[in-house]
Amino acid sequence: MNEMRKSSKRIAFAVLIVLALLFFSPIVIVLMDSFKDKFSISDSPFSWPTAETFCGIDNYISGIEKTNYWSAFGYTLYITLLSLVVIVLFDAMTAWYVTRVKSKYSSILFNLLIFSMVVPFQMVMFTMSKTANLLHIGNPTGMVVLYLGFGSGMAVFLYSGFIKSIPADIEEAAVIDGCSPIQCFFRVVFPILKPIEITVAILETMWIWNDYLMPYLVLDIKSVKTISIAVQYLQGGYGSKDMGAMMAVLVLTIIPIVVFYLFCQKYIIRGIVAGAVKE
Amino acid sequence: MQKSLKKYAPFFTLPTLIAFIIAFLAPFVMGIYLSFTKFTTVLDAKWVGLDNYAKAFQDSGDFIHSLWYTACFALVSVVSVNLIAFILALLLTQKIKGTNLFRTVFFMPNLIGGIVLGYIWQLIINGILANFNETVNADSRFGFWGLVVLMNWQMIGYMMVIYIAGIQNVPDELIDAAAVDGASHSQILRHVTIPMVMPSITVCLFLTLTNSFRLFDQNLALTAGEPGKESQLLALNIYTTFYNTTGYEGVGQAKAVIFFIIVAAIAFSQLKLTRRKEVER
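Chains A and B, in that order, give the protein sequences.
Sequential numbering of the first sequence, starting at 1, is according to my numbering.
Sequential numbering of the second sequence, starting at 1001, is according to my numbering.
Simulated from the structure, these hints should not be mistaken for laboratory data.
Keep in mind that this is a model prediction, so the values were computed, not measured.
A virtual CB, placed ideally from N, CA and C, is assigned to each residue, including glycine.
Under 10 Å between C-beta atoms, here's a sample of chain A residues computed to sit facing chain B:
| hint | residue |
| --- | --- |
| 1 | S8 |
| 2 | S42 |
| 3 | D43 |
| 4 | Y97 |
| 5 | Y105 |
| 6 | M117 |
| 7 | V124 |
| 8 | M125 |
| 9 | T127 |
| 10 | K130 |
| 11 | L134 |
| 12 | V175 |
| 13 | I227 |
| 14 | Q235 |
| 15 | Q265 |
Cut-off 20 Å, straight-line C-alpha distance, at most; resulting in silico cross-link-like pairs (EDC-like, lysine to aspartate or glutamate):
| hint | chain 1 | residue 1 | chain 2 | residue 2 |
| --- | --- | --- | --- | --- |
| 16 | B | K1006 | A | D177 |
| 17 | B | K1003 | A | D177 |
| 18 | A | K241 | B | E1134 |
| 19 | A | K130 | B | D1044 |
| 20 | B | K1006 | A | D169 |
| 21 | B | K1006 | A | E172 |
| 22 | B | K1007 | A | D177 |
| 23 | B | K1003 | A | E172 |
| 24 | B | K1003 | A | D169 |
| 25 | B | K1007 | A | E172 |
| 26 | A | K9 | B | D1172 |
Okay, chain B solo, but in the shape it has when bound (with noise of 0.2 Å):
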C-alpha cells in the first residue's frame, strides 16, 4: 500500500504544496531576508544588516510601548476570559433549565466578524463616555478596557463550550466517590474536578494567549490605535509601520520577525508544558 500510494505523491499533495509555497513558505523566508534590508518594493532591497532592528527599538519608542500595551492586555483578558467561561461552563453543566439557549447566546458573538464587533462596540462605548464628555479614542486607557471588554464577549463563548466537553468527560462516578467521602462542593471543584479538566484549561489559556497576541481587526475598528499611537496592540503597530511610514517596510518587517519570534515561543512553551504532562499522566 505505502509502495503504490508513495508513486501518487505528486497528485495528493501537490496541489497544496504549490499553494503552500505561494501563500506562505515564499512570503516567510523572503520575510525573513527583507527584514535585514531596506526596500519599497520587493525588488530594490538593499542589505542594511541588523539596522531595522534596532530602528524598530530606538524610533519614538512606539514599538516598545505597543510591546507592553499587548502584553498588559493579553495578560487581563487571558485572565478574565478564562476565568468567566469556567464559571459559566460549570452552571452550565448543573442540568439547570434553558441551558443550550443560555449556550447559544454566550456563543454567538464568537461568530461575528473582529471588525463588526469592533464598531459594534465602539458605539455602546462612546455612548457610555458620551455621559462625561469622552470619547474611545481619547485616551488608551478607553482603549484598553474597551478591547478587554470587546475580548471578552467574542472569547468567552468559546472557551465556555471546550471547559463544558472537559468538564463532562468527568466520570460521575469519580464525583459521587468524593461526595460520599464526605467532601463539600468546593473540595471537589478543587481536587476532583479542576485536575480533570486540565488539559482543557492549557488549551483554553494557550488560544486566549495567542489570540490576544495576534489581535489586529478589533483593534483597527474600535479606536484604529488613537490617540496617536497610544492604542495599538503590537499586529496593528507593525500594520502602520509597513504602510503609513514611507521608508520604514524594513522596519516594519524587523517588527514582524520579532512578532513572530514572541508568538512562536509562546506556543513552543505551551507544546512543551503539554508534552510534560502527559508523560506524567
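Here chain A stands alone, though its shape is the one from the complex (with noise of 0.2 Å):
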C-alpha cells in the first residue's frame, strides 16, 4: 500500500511538472524572443538567441518609444487606483443601506445591479460611450463614473453577502451610543469590512487593469491610452509589424502583473474563491 502510494504521488508530480513546464512556456518564449532582432522572431519564435539574433535592450528601446509606454502605464495605473478607491468605498456604502434597510427602493437597486452582471457589455458598449461622450466623462477621470456603474453589481453583491454574515447589534450599540448612521458607518462598518474590501478590490482590479473595449471606446485614444490599447494599436497600427517591439512590450506588460501576483498571491486566491461561493 505504502510502495503503491509512493509510485503514484512520483506520477502524479511528473505530471504536475511537465504541465508546469508547458504552462510556463509561452512565457519564457516571449522573453527570449524579445532580445532577439525583428527579423529573426517570426522565422524561429522558437530559439534561443545567438551572436547573430542577439539585439540587447534595442526592442525594449523601441517597443518602449512607439507605444509611449510610460504614459500608458500611468494612465492605467490612475484609472485602475482612482475607480477602486470609488467603488471600494461608495459600493461598501450603498450594499450597507440595501442590506439593512428593507424597503422597496433597497430591493429595486439591489436587484438591478445584480441584474447588470448577466448584461455583456455589447449590449450596452454604443449607447455608453455615446453617453460618456454627451456628458464630457471620455477621460481618464471621468471614466471612474462608469467603471464605479459598471462594477457595482459585482461589489454591491460581494459586500451585501458579507453584510448579512454580520450581527447588527454591533451596529445598533453604536447609534444607541449616539452615533449618527454616517459615523456609525465610517467608525463600526467599513473596517468591519476589511476582509471583503480586499476581495472586491483584487477582483476588480484584475478586470479594470486589462479592460480594453471599455477604454478604446470612451477615451480619446490619440492622446490617451491604456496598456492593453497600446498593445492592439502597436500591432494593429499600419506599416509593417515590429515583432520585436512588439515581444517587449509584451514581457512589460506582464511583468508588473507578476508583482501584483507575487505580492497579493494570498488575496487573490482567497478573493476568487470568496467570490465563487457567493456566485
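With the hints as a guide, bring both chains together as one complex.
If you want it as C-alpha cells, here you go:
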C-alpha cells in the first residue's frame, strides 16, 4: 500500500512538472524573443537568441518609444487606482444601506445591480460611449464614473453577502451610544468590512487593469492610451509590424502583473474563492 | 436604526445610483429601444419595428455562423478547462512537494489581459504553423483551436483554485470512513469527493460558460475574426456590425439584444439549478 502510494505520488509529481513547464513556456518564449532582432523572431520563434540574432535591449527601447509605454502605464494605473477607491467606498455604503434597510427602494436597487452582472458589455457599448461623450466623461478621470456604474453589480453583491453574515447588534449599539448613521458607517462598519474590501479590490483590479473595449470606445485614444490599447495599437497600426517591439512590450505588460501576483497571491486566491462561493 | 438610516438614503446610495444610471441603466434601456430603430447617431433614430432582427439573421449568415462558432467553442472550452482544472486540483490536494509553486505557475496566466494573451498565442501558434506554411488566420479551424488552447491556458488556474477550495472542504473523516469500509480510490472519488464538491462544479461550469460566450479581447487579438468573418465569436461579430458596417448600427444593436438574451438565459438556468439543489440539501 505504502509502496503504491509512493509510486503514484511520483507519477503525479511527474505529470505536474510536465504541465507546469508547458504552462510556463509561453512566457519564456516571449521573454527570449524579446531579446532577438525583429526579423529572426517570426522565422524561428522557439530558439534562444544567438550571437547573430541577439540585439540587447533594442526592442525594449523601440517598444517603449512606439507605444509611449510609460504614459500608457501611468494612465492605466491612475484609472485603476481611482476606480478602486471609488468602488470600494461607495459600493460598501450602498451595500450596507440596501442590506440593512428593508424597503422597496433597497430591493429594486439591489436587484437591478445584480441584473447588470448578467448583461454582456456589447449590449450597452454603443449607447454607453455616446452617453459618456455627451456628459464629457470620456477622459481618465471621468471613466471612473463608468467603472463605478458597471462594476457595482459584483461589488455590492459581494459586500451584501458579507454584511448579512455580521450581526447588526454592533451597529445598533453604536447608534445607541449616539453615533449618527454616517459616523457609524465610517467608524464601525467600514473597518469590519476589510476582508471583503480586499476581495472586491482584487477582483475589480483584475478586470479594470486589463479592460480593453470600454476605454477604447470612450477615451480619446489619439492622446490617451491604456496598456491594452497601446498593445493593440502597436499590432494593428499600419506599416510593417515590428515583432521585436511587440515582444518587448508584451514582457513589459507581464512584469507588473507578476509583481502584483507575487505580492498579493494570498489575497487573490482568497478573493477568487470568496467570489465563487457567493456566485 | 433602520428608521434613522433610511433618512440617509441619498448619502449612502446616490453616488452609486447616479453612476449606475449613466453607465448601465440608461444605456441599457436606450439599447433596447434602438434595436427597433435605424440610426447612425442616437438622435436620428427612426422606428423600423423588427427589421433589424430580421436582417441580423438574413444578411450573409455571418451572425448564425458566429452563433454556432461560439456555441462549439464554449462547449469544447467548458469541458476541457473544467476537466483539466479538476484533475490538477486533485493532484494538488495530495500533499505533493512544491504544491504552492505549481499552483502559482498554473494560476499566473489568468492575470494577463485578453489582448496580451491573444498576441502571445498568435506568436506561438504561427510559429508552429509556419512548419506547414500556414498562419492562424488562414483557416477558421486554426483560430478555433487557438482560442481553445488560449482559453485553457487562461482559465484553468482560476477554476483549479475554486476546485482546490472545494476539495479541501470535504471532511477528512468522510474519506477515512469510506476507506475503512473498503472503498477504492476511484470509488471514493465518484461517491464521496465529486458529490461533495458539486457546488464548486456548478460555479465553475457557469463561469467558464459565460466567459466563453462573452470572449472578445482574445478573439480580436488572435485572429481578428479572419479569414473573412469566419473565426468571429458573437461579441466580435456584434462589434464589427456596429463599427465596421455603415448603416448597420441598428442591426448591431439587435444582435446585441439577442446576445444578451442568450447570456441571461444561461445565467438564469444556472440560478434555478443551484436553487433546486440547495432545496434538496
